[in-house]
Structure formats: C-alpha cells, structure tokens
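Chemist: Sequence:
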Amino acid sequence: MKKSVKKSKALSTGFWKKSPGMMSPKKGLSTKFWNLKASPKKRASPKKSTRAKRSPKKSPKAAKRSPKSKSCSVQTTKKYTGRSSPPYPANECCDQEMMGNDGRLYVSRADKNGRCAWKVVN
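Everything in the sequence shown is counted per full-length UniProt numbering, starting at 1 for the first residue and increasing by one.
Among these hints, one or two may not hold up.
To be verified - Straight-line Cα separation of at most 20 Å, DMTMM-like style, residue types lysine to aspartate or glutamate; simulated pairs:
| id | residue 1 | residue 2 |
| --- | --- | --- |
| 1 | K79 | E92 |
| 2 | K79 | D102 |
| 3 | K119 | E97 |
| 4 | K119 | D95 |
| 5 | K78 | E92 |
| 6 | K78 | D102 |
| 7 | K119 | E92 |
| 8 | K112 | E92 |
| 9 | K112 | D95 |
| 10 | K119 | D102 |
Claimed, not checked - Beta-carbon label-pair distances, calculated as ranges:
| id | residue 1 | residue 2 | range |
| --- | --- | --- | --- |
| 11 | V121 | R54 | 22 to 32 Å |
| 12 | G82 | R54 | 56 to 66 Å |
| 13 | K53 | Y80 | 49 to 59 Å |
No lab work stands behind these hints, which were simulated from the structure alone.
Just so it is clear, CB atoms sit at the ideal spot from N, CA and C, and this is done for glycine as well.
Could you build all of it, start to finish, from the sequences and the hints given here?
Modeler: Encoded structure:
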C-alpha cells in the first residue's frame with residue numbers, strides 16, 4: 001500500500017509529467033534524456049481549395065476572309081469547256097440564266113446548303 005501512495009503523490013505533484021531526463025508515462029523517454037533535438041514544428045500550409053480553377057473561356061474570333069470578287073467570267077479550262085452546261089462557275093453566277101455549251105438554256109439555282117448548280121430550263 002505504501003508504494004501506491006507514493007506513486008499517486010508523485011503524479012499529483014507533477015513528478016512524472018515534466019521532470020527532465022525521466023520517462024514520461026505517456027510518451028516513453030523524453031528527448032532531453034537522449035540529448036536529441038526535437039524536430040522543428042512545421043507550419044501547416046494553407047489548405048488549397050478542392051475545386052479546380054477554370055480559366056475564363058475565350059470567345060472564338062471569326063476568321064477574317066478577304067473579300068472574293070464574285071464576277072461571272074468565262075472559264076477556259078477543260079472542266080468548263082468540255083461539259084454541256086455554261087462555261088461559267090455556277091456559284092459565281094447564282095440566279096442567272098445562260099446559254100450552255102450544248103445550246104440549251106440553263107439557270108444557276110441554289111440548293112439547301114447555299115451551293116449553286118446549273119439546271120436546264122424547260
């Protein structure tokens with residue numbers, strides 16, 4: 001019984017808690033006993049947000065096109081001279097009537113995509 005009384009007396013006075021070079025009841029031997037330097041406390045880095053940062057979306061810029069001259073001029077290449085329709089590009093002569101290479105009358109009409117093609121006039 002005497003030993004338990006002494007131990008409780010030592011705990012109440014703080015003998016086990018902060019005496020240098022003694023065993024701590026919770027952590028084992030203290031760092032002063034082993035003459036070790038305690039590692040410096042590191043500052044906790046600020047928490048980064050878990051949300052990914054999005055860069056602002058750039059609006060697509062329209063490509064600058066040089067203005068094409070839409071002149072309905074006669075073409076002399078094999079593609080235009082060897083066919084029965086007029087020797088003119090249909091896209092440049094849209095909604096115009098012209099005489100074809102075979103002697104018939106043609107009209108350049110646009111389709112649903114805006115492309116023109118030569119059609120025979122009845």
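Chemist: Run through the hints listed earlier and report the numbers of any the structure violates, in increasing order.
Modeler: As far as the earlier hints go, only 11 is violated by this structure.
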